[in-house]
Amino acid sequence: MGKTLYQKVWDAHTVGTLSDGRTQLFIGTHLIHEVTSPQAFGMLRNLGLTVKYPSRTFATIDHIVPTINQDEPADPLAAAMIDAIRKNCDDFGVTYFDLKSGKQGIVHVVGPEQGITQPGSTIACGDSHTATHGAFGAIAFGIGTTQVRDVLATQTMAMESLKVRKIEVNGKLRPGVYAKDVTLHIIRMLGAKGGIGYAYEYSGTTFDNFSMEERMTVCNMAIEGGARCGYVNPDETTFEFLKGRPYSPTGDDWDKSVDEWKSFATDADAEFDDIICINAEDIEPTVTWGISPDHGISIGESIPDPAAADPDEKAVIEEALAYMKLPAGTPIKGIPIDVAFIGSCTNGRLSDFREAAKLLKGHKVANGVKAIAVPGSQITAIQCEKEGLDKIFEEAGFEWRAAGCSMCLAMNPDKLVGDQICASSSNRNFKGRQGSPIGRTVLMSPIMVAAAAVEGRIADARETFDVSDDSAA
Amino acid sequence: MAIAPITQVSGTAVPIPGADIDTDRIIPARFMKCVTFDGLGEYAFYDVRFDPESGEKTDHPLNDERFNSASILVAGINFGCGSSREHAPQSLTKYGFSAIIAESFAEIFYGNSTTLGLPCVSSNRENIDALKAACAENPTLQVSIDLDTMTVTAGDLSFSVNMPASARQALLAGKYDPIKELLDNNDKIEATATSLSYVG
Ligand code: SF4
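As they're listed, the protein sequences go chains A and B. Reminder that position 466 of the first sequence reads as 466 in this note's numbering, one-by-one numbering, no gaps. Reminder that position 32 of the second sequence reads as 32 in this note's numbering, one-by-one numbering, no gaps.
Be aware that one or more of the hints could be misleading.
Derived coverage of chain A by chain B (criterion: at least 3 residues anywhere in the stretch with Cβ under 8 Å from a Cβ of chain B; other residues may be distant) [unchecked claim]:
no. : segment
1   : 5-15
2   : 92-99
3   : 169-183
4   : 429-438
Pulled from the structure, derived: some chain B residues nowhere near chain A, Cβ distances all over 10 Å [what the hints assert, rightly or not]:
no. : residue
5   : D47
6   : S160
7   : N162
Keep in mind the hints are simulated off the structure, nothing from the lab. Using N, Cα and C, we set each Cβ at its ideal position, and we do this for glycine too.
Chain A extracted, bound-state conformation (with noise of 0.2 Å):
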């Protein structure tokens, strides 16, 4: 019987069985960023330890960094973090993409744009978006800060092994519809905890056709709807995107691990724990109603109403509006937002705002809305400034910033104010996540956050901006 990509992964970078029967996992490449590292360098020298491979532990900072001006922590404790991994970094020989080094970005775009992601390989961040860099066929791992350590000093971790569900998607995606509608609706689908003890393996003639930056959209909120990891199989538009960058391998090497990348990818005859297959056809324009990633609807459909729900449902309906002040049962559409977020690891690629730039040109964004468009890395603001992208947004009224988390959960300066709500390219719209206590957060495509800012309120972009059925030919 063959082997799903993930077993074999596994195989590869098994160490050993510990004590309690957990595996003892090889990461081969581990990113840090300044929020969970400084804990556990210090956990590091508390134990007299160090860092087992420098080379294969690689930092950035993206959480706290101003976009603004970025060479400006905004406050003390943001300047602390920073010098912190700096010297972390110096003290113990860790490659470290500073600002000044034109490679800073979110942990979880500059891994893949430095071709420090790999096929086959195994990541762990601490972070719960590592997920990501499962578009590359890789497994990762979102990690603790004990775990961290545990990385810095062994280069490995306790690990329990996971059950593997296959989504296959198949078919193309009606226009309007995007890789952010595709994890929005598995999500809601599944579940926020459906993919509790799972790794998930996406598949289908729609992943095949997916970019690299649609492939990292979905995986990036595998996270959303419980599963520790999720992964794409390795093919040809996997190695074309690594070919030529930093961290790839070159010359003879360059084929030699292409041929090795090709054999993690999962056999025919795999088989799986579970296995979950959608129409892509079927998949609409998503968005969130609430606080929780699998409250999502079709831009066609009606926020729930408690009365109508089942009472296991009820209660979390009923606390979700509360903290959403949305009227139940009402159409989602023609909700108005304050403020408009395109940026994230979820939706900070140049792709996002390609797609969002040749939408909005002509457009304006409505009174009294904030809209600010923060690219993922210092190296995606550069390609789209080359293309003009930013003047693209500026002439239609958004900010353009620099590279960083931002507003995703706004630990910089970029903070929602009171209870205002926003229209959001990023994952996660928990209470409270983007910066004000009482913040709303709306999560969508980038296309639907252009379209919600152009008309100041939750809108279809297929109307917005004409998109029809017979222009996508």
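Dock chain B with the ligand against the given chain A, drawing on the hints supplied.
Chain B with the ligand alone, transformed into the frame defined by chain A:
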């Protein structure tokens, strides 16, 4: 690096309302601007303990003086979902909690907690609701979690709880912080590293 086994946790308990309590709620991101975990205790559940608009204390159970000395948290389904931040269980231990009983836990939170020696046990809704009601009625009720027998007892109430075998074993053996064992396997680590072409 020897650590003491954890076989039993006893104390009074505080019931926390709500399902899907995410780690952003356990510790809001703005309090994560720190380079050590030391001061996190006072910010646990900050945005539900203090009204975001008025800054006044809310009627959240953690503000209820009768629960001041509680060391066990009782919660609903999918506790600790969302971000992988270890700041969440760290803030709970620093606040004074030494165990959590819930309907279910999110995976990363669960792992982070176990590594800190903060046992997380689960049971069905009926049992959890009964325990919550009993604690609400009598905040001085002694609740005891026995990892040997995997039972929770509280007054007349007694029910069995679950925990993955590996976590239970690690807590009972005092090996929940795996660092020593990981380090001990250095030779095998190096052999694995050599076998991987991209590490090489
Ligand atoms: S963009 Fe958001 S989700 Fe992604 S790493 Fe930054 S804070 Fe986390």
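Which numbered hints fail: 2, 3 and 5
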